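Participant: What follows is each chain in one-letter form.
Protein chains: 2
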Amino acid sequence: MRATVLVRPKDGILDPQGEAVESSLRKLGFDVQSVRVGKVIDVEVQADGTGPARAELERMCDELLANPLIESYEIHLDES
Amino acid sequence: MRATVLVRPKDGILDPQGEAVESSLRKLGFDVQSVRVGKVIDVEVQADGTGPARAELERMCDELLANPLIESYEIHLDES
Chain A
1 MRATVLVRPK
11 DGILDPQGEA
21 VESSLRKLGF
31 DVQSVRVGKV
41 IDVEVQADGT
51 GPARAELERM
61 CDELLANPLI
71 ESYEIHLDES
Chain B
81 MRATVLVRPK
91 DGILDPQGEA
101 VESSLRKLGF
111 DVQSVRVGKV
121 IDVEVQADGT
131 GPARAELERM
141 CDELLANPLI
151 ESYEIHLDES
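If you read the sequences in order, they're chains A and B.
The first sequence: position 26 = 26 (our numbering), numbered continuously.
Plus 80 on top of the position in the second sequence (first one is 1) and you've got our numbering.
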């Protein structure tokens, strides 16, 4: 089953990459108010149904994909 | 207007970060077939309506956010 995981810096956590992108976009003339940069991780995982797949992906996030102290994550399952 | 941009390595383009994550997930015991890693960029942009916002974001992607030779991008506007 295919899944997309979005990992983002939590609100209030410094995001130097986002700040650099924001500043570059402004220098290029774009009118942006805020930019935050995180990771998108596309995973093809072996699981019986969406429930077990989601549980497995949550474990992956907790153990490796995200740092729960400073990052939040969102799991989207492709159920097609 | 808030927007989320997903920037991913194109199919066939080497993704060392994805390979490293895949190998680490397997070592942790997860049954994954493939992993690809890209960027998620949340942008708050000033624009009159969704049409102009999307056009502005496409320009940002072409000029800075994505490398069109090796990356594809997807724009999601938060129209709420």
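These are computed hints drawn from the structure, not numbers from a lab.
Among the hints, a few may not be true.
Derived DEER-like restraints, expressed as beta-carbon distance ranges [what the hints assert, rightly or not]: (1) A:Asp31 to B:Glu99: 36 to 42 Å; (2) A:Glu58 to B:Ser114: 18 to 24 Å; (3) B:Asp111 to A:Ser72: 32 to 38 Å; (4) B:His156 to A:Glu79: 28 to 34 Å; (5) B:Glu99 to A:Asp11: 27 to 33 Å.
These figures come from a predicted structure and were not determined experimentally.
Where is the CB? At the ideal position from N, CA and C, for every residue including glycine.
Participant: For every hint, state whether the structure bears it out.
Facilitator: Right, here's what the structure says about each hint:
1. A:Asp31 to B:Glu99: 36 to 42 Å: Holds, since Asp31 (chain A) and Glu99 (chain B) (Cβ atoms, about 38 Å apart) stay within the stated range.
2. A:Glu58 to B:Ser114: 18 to 24 Å: 19 Å, holds
3. B:Asp111 to A:Ser72: 32 to 38 Å: 25 Å, violated
4. B:His156 to A:Glu79: 28 to 34 Å: Cβ of His156 (chain B) to Cβ of Glu79 (chain A): about 18 Å, so the range 28 to 34 Å is violated.
5. B:Glu99 to A:Asp11: 27 to 33 Å: 31 Å, holds
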